[in-house]
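Undergrad: What follows is the residue order along each chain.
There are 2 protein chains.
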Amino acid sequence: MGGLTVIVDTARSRFAKLHPVPIEKVRLKDNFWAPKLKIIQEITLPSQYKLLYDTGRVFNFRRAAGKEKGDFQGLVFNDSDVYKWLEAAAFSYAYDPSPDLLAKSREIIDEIAAAQDEDGYLDTYFTFERKIERWKNLRDLHELYCAGHLMQAAVAFYRATGEGKILDIACRFADHIISIFGPNKRMGVPGHPEVEMALVELYRTVGKKEYLDLAVFFVDNRGKRLIGGSPYHIDHEPFRKLTEIVGHAVRALYLNCGATDIYLETGDETLFDALMRLWHNLTGQKIYLTGGAGARHEGEAFGDNYELPNARAYAETCAAIANFMWNWRMLLATCDGAFTDIMELALYNGILSGISLDGRRYFYVNPLADRGRHRRQEWFYCACCPPNIARLIASLPGYFYSTSDNGIWVHLYAGSEAHVKLGDNEVTLLQETNYPWNGEVDIMVNPKKEDVFSMYIRVPGWCRDANINVNGEKLEGKLQPGGYVEINRLWRSGDKIHLSLAMPIDRIISHPHVAENNGKVALKRGPIVYCLERADNPGFDVWDVVLPDDAPLNAEYMPDMLGGIVTIRSEALAADSEKFGRRLYAPKAEVKHEMRRVKFTAIPYYAWANREEGPMTVWIKSI
Amino acid sequence: MGGLTVIVDTARSRFAKLHPVPIEKVRLKDNFWAPKLKIIQEITLPSQYKLLYDTGRVFNFRRAAGKEKGDFQGLVFNDSDVYKWLEAAAFSYAYDPSPDLLAKSREIIDEIAAAQDEDGYLDTYFTFERKIERWKNLRDLHELYCAGHLMQAAVAFYRATGEGKILDIACRFADHIISIFGPNKRMGVPGHPEVEMALVELYRTVGKKEYLDLAVFFVDNRGKRLIGGSPYHIDHEPFRKLTEIVGHAVRALYLNCGATDIYLETGDETLFDALMRLWHNLTGQKIYLTGGAGARHEGEAFGDNYELPNARAYAETCAAIANFMWNWRMLLATCDGAFTDIMELALYNGILSGISLDGRRYFYVNPLADRGRHRRQEWFYCACCPPNIARLIASLPGYFYSTSDNGIWVHLYAGSEAHVKLGDNEVTLLQETNYPWNGEVDIMVNPKKEDVFSMYIRVPGWCRDANINVNGEKLEGKLQPGGYVEINRLWRSGDKIHLSLAMPIDRIISHPHVAENNGKVALKRGPIVYCLERADNPGFDVWDVVLPDDAPLNAEYMPDMLGGIVTIRSEALAADSEKFGRRLYAPKAEVKHEMRRVKFTAIPYYAWANREEGPMTVWIKSI
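For the record, the sequence lines run as chains Y and H.
Heads up: take any position in the first sequence, counting from 1, add 418, and you land on this note's numbering.
Heads up: take any position in the second sequence, counting from 1, add 418, and you land on this note's numbering.
Heads up, a few of these hints could be off.
Said to hold, decoys possible - List of simulated lysine to aspartate or glutamate pairs, EDC-like, C-alpha gap at most 20 Å:
hint : chain 1 : residue 1 : chain 2 : residue 2
1    : Y       : K896      : H       : E687
2    : H       : K1006     : Y       : D954
3    : Y       : K1010     : H       : D869
4    : H       : K1010     : Y       : D638
5    : H       : K1006     : Y       : D754
6    : Y       : K1017     : Y       : D954
7    : H       : K896      : Y       : D954
8    : Y       : K1006     : H       : E989
9    : Y       : K1010     : H       : D448
10   : Y       : K603      : Y       : E547
11   : H       : K456      : H       : D514
12   : H       : K659      : H       : E687
13   : H       : K487      : H       : D528
Don't read these hints as lab results, they were simulated from the structure.
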């Protein structure tokens, strides 16, 4: 087997409206994503591989296998970083089969295999003297979380290579977990959700219904206070009663992924209703403009409604990734472009900011303003984010297209070639575009045999003026932003869709209750959120900029800047905050507002902190 | 003895410029503070006394004494609540000797006495099976913190009553601590500062130099990483190297109290220089308009410079109290009214908000904006704040006046009578004023025998137009706000000073880097910070108010409202945030700004949340 590395395999999911197109079938040929995928494979994954060894993470497996002596190293969930790396490597291999990556992956799999117990149990922390602690503290010790990442890695590697060794390991562990937990067996809830979506995907891969049942069991047991009942653990209420997205952001969003996966298999509308409530709360009250999620450092958690500090944002890279993953599942369930909008928003902003342009450094926390001290790091003691962003970017080709019963759905735009199976036909799609810098997209539709089917073309929610031509003929009527335009016709090889998305620079404002953003605007062009950074604006403090509403904003493509970006330039005013002096508060009548004219350059948010340190801000005061 | 209950006894402190006037010598006769002191004695202290029993805090002492069986109850530092209550009771007794309060205090002292070990050790947590843990974890277990509160309670009770039993207990424990810690003995640093200022005060009370030396030892050992080196514990740098006030706010401010007390005794300028740096950082970058301190819930800690969220403010009541206590010590060292300004600011706002008008409920956290969920509680599992605010208000008469070599300093204004010893003379001061609602203050100066001395009259920093008459004759020249005006003359009984402080309503703005306050004003009149609360403004959401700069603001005294307050009324605009709908972000060009005219009423911040729930905000959008 091999060559069918799909992301969320809904091919047989009864309640999925969309089905995946494998990574292998999509070839990126653009200047934006293609180089990033190359960096992931050539820089990021090899450097992370080395760090897995250097930081004791592989050692822990070798120790568990009896090959090494010494104590378990690092955090209790360090196994998961190895699994996430393996999953990322599998995606990267699927896209671009590298013998070196395959060799490294097999080596890691051998280390994992040797660490598994006879009974299938596999977690290197709970070995030797800590063997008696197994399954004793589901709340804090991440056993099921690590198990979930093993399963995801196993599925991905199996799909990418056809090699079953790691899949067998994962199934043996899953079978062991089934022997422990379930109705009439032990009750339990994972302290950190993750295994739910992994179990569903394992079920999809090997067809064993018990895996799905166990995922359902874990979701159903939430809110029974088996793990203490805290909102942090999303255990304060049964999942179906939730109305507000709260608690640890990654936990909450991974849980939503799992619940959506269950819905895709079971059609349980009570789950879907809860998911929609949580989604509306997230997107209407709690998401950052960048697609980032989780306002609070305290507990890495969601804050109250409209609590969205900028410099003090948490917006963990993993939470933005989890947000992307959840919205993908919601899209598969609904065909609703509102979910694709959130995916795209997170992807180009709050996720992509998590990795440096050179692929060697990472943000764990993604603030929307900073004084210059926040810099990407090579690694973290708690290193969840680096392999997570590697696996997300490596898997990206798998998110570009879907199929439904009668057609092909185009979700993301980038110069690319795809071979999409549609029934017994195969359609080659050639995208030509400079997206995200330009909203003109050509899509050549080349079916192997001519046929009537639908092409569903996404019109992003941010676009208020979209037009579509097919073979030069304009589609009539206004295209609603935030959805998919269905073009049903007889498609012949050489047919060409032209999508034109007007991409003006928008001044975005926030809901009035987002306290830090009152009276401020953020600049956004297409899917890209902008920021001001010191490196481009050395003559003034970017926190002091005041942008008049009528100042013209000029977009310009700069091919040699930060990997090729569109900058936004304008003239604005700058107050001199230094003149406020030592005073923190002063009567307004006593303070003179002296402002000077300045020229500024804004860059895409994702690209900040790749040059010298200095203040940065997404939200700009406006008058 | 008795009858000399001074707050920080600098009578013999070589580097103090000011010396205290005892609580007993000041009688409040106003409508603002006098009723509050009565409530503290009649409502707050009896209800807290009952809670000390109901929550196991007294039980812990009885258990340690072998009178009760069972486990230690509650948090490891629960002894300190008993001590703080006793200190508060001593201050209250000094002001208004209540036989009931004395009986209760003696009863508590008997319980404490019985719990003390033969060797002087006294901490009810470290008894029986935990005796072996004594002094093993100075970072987390609050032994020295509890010891400090014992010493402060002992000093206060001894001063108030002349009864030495609790003072002996405290000295025996202090002697025990000296037997353990010091140069050539065990190294150590308290994880939670407090004992430093207590030891200095114990030294002042009984004259034992070793107590002062131990306080110096504890301050000098900070930054040596004896307790882990975290900024949270203010152990990341030696005290004298600190440039930024960081870490747990109460820890930081109590530490500053102790360091200032040491300076007052030793004149160590290197300490004073560090204290001034910290003070400028606090007041220039990190203090709330309310005098509250500590922006972050995470670690109950100071945030970065200008990190001052409103709804998410921490601003622990104890931190505002600690701020007041520290500034008092700085004032004693300098005679600089800048410190009195901070005391007054904290007192009328961030401290007073900590207790309900009826004296029965408390805020631990004091946000400057809220959606209506934050309400005062009767008690807390971690109950540091309730007895702390009781002791602060009970001790308030001791902060009104000081003496220096040549005169009397008037710090606070309230209708009152005071008998101040000045050399071998005694001066009776009669204040008549409706402060803080009115800036007109009459001070009758009645020396027992006529004499030349100085009266130092404080002109608050908030006042930009102050005038002083003496016997109807105006002092010439402009009076600088934020200092003390010296009036040196021959004072005869019946002389009258009239101070006139213009008290307009100010629109206050923040430094441009306080992100949540950009484009907003707060209303302040005299020392009182105002807020908008739903209870007075039912027709609109107070978070939506937009106040035009030219809207007239009207102050009116309302004797029957919230214990008697001055309200501020005006007309403003209100945007309807509901109209933003489910959207969190939108292009500015798409959003119509519909605003309607509304009439609003603002009340003093300290009085909020005494009626029905609803949104509240200090900072108001302005145009």
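Undergrad: None of the hints should be skipped; say for each whether it holds.
TA: These are the hints, each one checked on the structure:
no. : hint               : result
1   : Y:K896 <-> H:E687  : violated, 75 Å
2   : H:K1006 <-> Y:D954 : violated, 25 Å
3   : Y:K1010 <-> H:D869 : violated, 47 Å
4   : H:K1010 <-> Y:D638 : violated, 44 Å
5   : H:K1006 <-> Y:D754 : violated, 25 Å
6   : Y:K1017 <-> Y:D954 : holds, 10 Å
7   : H:K896 <-> Y:D954  : violated, 48 Å
8   : Y:K1006 <-> H:E989 : holds, 18 Å
9   : Y:K1010 <-> H:D448 : violated, 39 Å
10  : Y:K603 <-> Y:E547  : violated, 25 Å
11  : H:K456 <-> H:D514  : holds, 9 Å
12  : H:K659 <-> H:E687  : holds, 13 Å
13  : H:K487 <-> H:D528  : holds, 18 Å
Comparing the model with each numbered hint stated earlier shows that hints 1, 2, 3, 4, 5, 7, 9 and 10 do not hold.
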